Amino acid sequence: MSCRNDFMLLAIKAAAMMIENGGETYRAEECCISILNGCGAKEVNVIALPTAVIATAEIDGEMRTECASVKNRTINLSMIDRINAVSRRIAMCEITVEEGFEILEKRSDESGMRPVVRALLFSLASGSFAVIFGGGVGEFIAAYFAAFFCRYFVQFVESITSYNFLSTLGGSMIIAVCARLAAVFYNTIEVEPVIIGAIMPLVPGLAMTNALRDTINGDLISGLSRGVETLICAIAIASGVAIVLAV
Amino acid sequence: MMVNGNAYLTALFTLLAVVFFAVGMRAPLRTIAIAALDGTLGYMIYILLCYYTSSNLAVFVATFVICLVAEFTARIIKAPTTIISFTAMVPLVPGVMLYDTMRQFAAGNFNYGIEAAVKTIVFAGSMSLAVSVAAVVVKIVFTKIFHSAKTPYDCAKKNKENSVTKLVSVGEVSVNKRKD
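Protein chains in written order, with the working numbering: chain V, 4 to 250; chain A, 517 to 696.
I should point out that these hints are in silico values taken from the structure, not numbers from a laboratory.
No experiment lies behind these values; they were computed from the predicted model shown.
Simulated pairs of lysine-lysine, DSSO-like, Cα-Cα distance not exceeding 27 Å:
#: 1; chain 1: A; residue 1: K655; chain 2: V; residue 2: K45
#: 2; chain 1: V; residue 1: K109; chain 2: A; residue 2: K594
#: 3; chain 1: A; residue 1: K594; chain 2: A; residue 2: K655
One side of the interface only, derived from the structure: several residues of chain A facing chain V at Cβ under 10 Å:
#: 4; residue: L528
#: 5; residue: A543
#: 6; residue: L545
#: 7; residue: R619
According to the in silico footprint, chain V covers these stretches of chain A (three or more CB under 8 Å from chain V):
#: 8; region: 592-604
#: 9; region: 641-655
Note that CB positions come from ideal geometry on N, CA and C, so glycine has one too.
Produce the complete structure using the sequences and hints provided.
Right, here's the structure in full:
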């Protein structure tokens, strides 16, 4: 395939994947610019938005523009690391464009962990948060199981559809149900630390920080749209928990 | 937010929370240990400062320290800064305040809800301000004091200049080799 040698396509793909996997806007732009500059393009201009990336550059005396749309956004830190490494190594002329494509398309995990094992480990974080926010041993266990069921449900919904609102709503409802059941069966367990600990990985606090940071950096459109995304996510969690607590 | 008033237990559980959060977010293995220590340090600073000043100033200083450590270690292990600071900042994120805001709105207490919402925004605002300030400070330190272009963007610009002028001085070659 001839397009495997096209560094313009590689640059736009790297930027789109950076946004897809939760990288910041300026990082996606810098990544695209460094690949294009490293391969000898001139007059590089890149616009990265949460939903699309557009790049234009002068290559061998011709202006060329490419765009890519970004449909779903998740967080995958090892992919960010890999894309960053590709852009740096291409800018340093250490690897060819084809090798860059190969590294980007290799989607396997670095650790090779199965999703169930990952969910089991992830839930331990929720247990620890429950302890930090005023819980004991009972709260740790309750938050652990609540977060595990929630995680499993979220992964199940995300494998069917990329509709975040539904998975977050259902996940927070499951958490609240688990917390109330635990409080019914064991009188010593308090509901509040369990719920807070278990929703901590769901809560968009970090997305909110990123949104404000984008706005401060000057990426106004990204900042606003990420802020709206945060708001929607917060509403989903709030209504999920509130529905169960009100019953 | 201390476990039974015991600082060691709090530190231990913060460490555990950051480690397992990083595992869940698929962080590269070489960053997890640094992120966990960084996050624990930041949360301890936050708790300590909360006794003396307002929580907003405390979270500003704590996030600033986290980001400085993250920026410097990220340049050593050649990973993006975000990966380390993203996981290390998780214990500080105002999840409880956001939950409180939502619960007040759901219960119909709009006055308390708006108060809690403004508190949350100010808290998150001081965190993101600290992140931006730390990034700028580190950039100034690296470009003005050490005179080294460390970001891939700067490297690309340097490569381009080299290829255009075909003039590679001895100093630049040594800089390029050190970056590999």
